[in-house]
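*Asks:* These protein sequence lines map, in sequence, to chains A and B.
If you read the first sequence in the working numbering, its first letter stands for residue 11, the second for the next number, and so on.
If you read the second sequence in the working numbering, its first letter stands for residue 11, the second for the next number, and so on.
Straight-line alpha carbon distances no greater than 20 Å define the calculated EDC-like cross-link-like pairs of lysine to aspartate or glutamate that follow:
(1) A:Lys246 / B:Glu218
(2) B:Lys246 / A:Glu254
(3) A:Lys456 / A:Asp203
Label pairs and their in silico Cβ distance ranges:
(4) A:Pro261 / B:Thr259: 26 to 32 Å
(5) A:Glu112 / B:Pro177: 37 to 43 Å
(6) A:Ala291 / B:Glu373: 20 to 26 Å
(7) B:Asp253 / A:Phe374: 24 to 30 Å
(8) B:Gln352 / A:Gln277: 56 to 62 Å
(9) A:Pro73 / B:Arg202: 57 to 63 Å
(10) A:Pro261 / B:Ala268: 43 to 49 Å
(11) A:Asp178 / B:Asp225: 40 to 46 Å
(12) A:Asp201 / B:Asp225: 16 to 22 Å
(13) B:Leu120 / A:Ser376: 44 to 50 Å
(14) B:Pro107 / A:Ala109: 18 to 24 Å
(15) B:Thr204 / A:Ser376: 47 to 53 Å
Keep in mind the hints are simulated off the structure, nothing from the lab.
C-beta atoms are modelled at their ideal positions from N, C-alpha and C, and glycine is treated no differently.
This is what each chain is made of:
2 protein chains.
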Amino acid sequence: MAALDTVLARIDANRDAALDRLFRLVSIPSVSTDQAYAADCVRAAEFLAAELNAIGFEASTRPTRGHPMVVAHGKGARPDVPHLLFYGHYDVQPADPLALWETPPFEPRLVEAGAGTQIVGRGVSDDKGQLMTFIEAARAFKEAGELPCRVTILLEGEEESGSPSLPDFLAENKKELSADLALVCDTSMWDRDTPAVTTMLRGLVLEEAVIRGADRDLHSGMFGSAAVNPIHVLAKIIAGLHDEAGKVTLPGFYDGVAELPEEVAEQWRGLGFDGEGFLRAVGLSVPAGERGRSVLEMLWSRPACDVNGISGGYQGEGSKTVLPAEARAKFSFRLVGQQDPQKVAESFRAYARAALPADCGIEFISHGASPALALSFNSESLSRASRALQAEWGVAPVLAGCGGSIPIVGRFKSDLKMDTLMVGFALDDDRIHSPNEKYELSSFQKGARSWARILSALAA
Amino acid sequence: MAALDTVLARIDANRDAALDRLFRLVSIPSVSTDQAYAADCVRAAEFLAAELNAIGFEASTRPTRGHPMVVAHGKGARPDVPHLLFYGHYDVQPADPLALWETPPFEPRLVEAGAGTQIVGRGVSDDKGQLMTFIEAARAFKEAGELPCRVTILLEGEEESGSPSLPDFLAENKKELSADLALVCDTSMWDRDTPAVTTMLRGLVLEEAVIRGADRDLHSGMFGSAAVNPIHVLAKIIAGLHDEAGKVTLPGFYDGVAELPEEVAEQWRGLGFDGEGFLRAVGLSVPAGERGRSVLEMLWSRPACDVNGISGGYQGEGSKTVLPAEARAKFSFRLVGQQDPQKVAESFRAYARAALPADCGIEFISHGASPALALSFNSESLSRASRALQAEWGVAPVLAGCGGSIPIVGRFKSDLKMDTLMVGFALDDDRIHSPNEKYELSSFQKGARSWARILSALAA
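The following block holds chain A by itself, in its conformation from the complex:
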């Protein structure tokens, strides 16, 4: 096994070339949710497989009904070291609204900001820059000798669209993908100077509803008020989802939601999280959600419901007095604790159906459902990783919750019986899923060094 110092020196020496590789990956518009970019998803997968083959992995792209997986196996590790499965995703969110990007989303560039240099482009933080930190660490080990652990890499191309192919792929390749511990790099640091290990994840239920009224668009002057308006119906359904106190009204929605244990609540209070500052950074000032809950609770330990998109009728410039035949909205439910994704989806559908007036039909489209996770991984792995992160950043990592959802972690637990160590180097102001997404150059560089230290620590 190569000496850690040699490996870290290789990472530092590789900086410019590593950035060039990341730029090439970010330049591929691998938007998974839109079929128009299907060929780009294949290109991104092939690029990564080639990169991994070049640094000594046995890597290949593997077809699915959707976008391909990349699977790579490290060679040459000793048989007595832990077997790790690293997971990342090469697909990205749609770049719209395009007009708000200062430069084209798939033409990555460096920007000098007050706090340091930023890499800007769609997917640079979520998750291309993050997954490349691990690959650059693996490259440095290879250049300096060999990997300290047995490493399998799984890169997915459908994370941003609900991972529809993942369950079958894991089931069909269970033996090949099972390991002692999974590593995921898709989460954030606590702040610019403080790393974090994420130990709680919210689940996610994605439902789209299409309300249909008349069999064609109508003139609102000729039919308005006599003919049902699907936009009105949809608005009532959305408006009824929350009560005055900000709680979700669906029957049974809070089944399985426990209050935070006092010791965890106290730890979180001790973090000194500035909820108002968090909101002020995006132009807001007052928490909008459940009354009586802190912002950190809202984001980490309480369930939530949001409409992510709505459309119906005329949306162009000016006016058009149309009474539309249909209206649609995309709903997401964030789950915690023991909430059952299936029951939440069913409760939502029953509620929406019951809200339909005469003459309206409704169609539901599921875009995925996954439960919440509170990780109870091997404490030895966690403490080794924590010490490794402290060595790199000079400060102990925060053991954090996460408002987002990483369904793969639940799958690893339920299907492959693996715990997952979630370490990521994104920052809360990275504008992931938004225009002008960025990743700190320091996250990219110190992230690779962090993984080198963690791999070394896990093998010791």
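We have chain A already, so just place chain B on it with the hints.
*Replies:* Coordinates of chain B only, in the frame set by chain A:
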């Protein structure tokens, strides 16, 4: 003055050429609400001015801040005949959703339907086919001799987008455009066999509202429930606009709304209007509006509120867990009786502002406001026109209300002190503002003959 029979014979002889002229006009995509079609609006205006010059009018296009007007003066009429101002509009509604058109919207064609031949294309009924009935009648008079009345023609290019340039244009050209009576061809027949003169029109207030929350799109997992969601806010505003009985909740909204006089109510009941059949024709069965009102009341004599379009967040394929920075909707209010458009707009804005939570801003965009009209035109003109229509169709016209709004008629009354005779040949199933808009070939042909008879009757 040419003998009426000669004029009618000319109209019949001109049928194919008239259809060709209409097709050329419909082929020009003069969508007024979308600036991308501004040059097409100019083309349509120039086409009409050229047509009118060719049949002996002094016609020209007249610039406005928006799309041009066409103004034409007939020559050679005797000084003792009535002076008529004919109004139509050459602009059309947007053609979207394009996918639902069976053939391209701006490639007009004839379709054989069960009840007769139809002309299909955007704007063929609203209002290009209708305005051409009048021009073809004028052409026939010219070919047979001269016009029986002094005729001025005003063709507008912004009717479908709230007529923003019209008030100033009327004010600046008051003398030139004032006449004894206005004629408007933008309304419907009672049914396929029964003509109608429209005597009541609803007013229209068009308001767009944009709700803004955070200063950028956010990740709903990272910010959801802590950060305000503009889609939820907009949905609450829309949901609160109607009560359980279908009445509009805005304070003061029903000020100036009178109950229908019993004699009018009785006349309407006598029409044998089939409300259920009206709804069944578009795939519906139950009136959705104010409880306790007939469909005809809802459409002709009661005010209404509809959302014509809504948008916010991700609207593409699949899902995107975005918490959008803004959401917007387009509202229309149909007014009756003495409802004050300005007060309705103000009441709506006050209501929406009061519904805003902390951290949300709202922007309002007015797309026009006009009062309702109950016409009390010269009974001599009405009875002459009625007799003329009966001569053409073999049945007396229905004196009808109209659910739509024709703001120009209010302007003619308030600014030019003219009454308006509204006669149109559209049918309720013409799919105006919808895909596959059509105009009956019989409406086009007998419409031209009807105008010839009306002009002749008004001059007698």
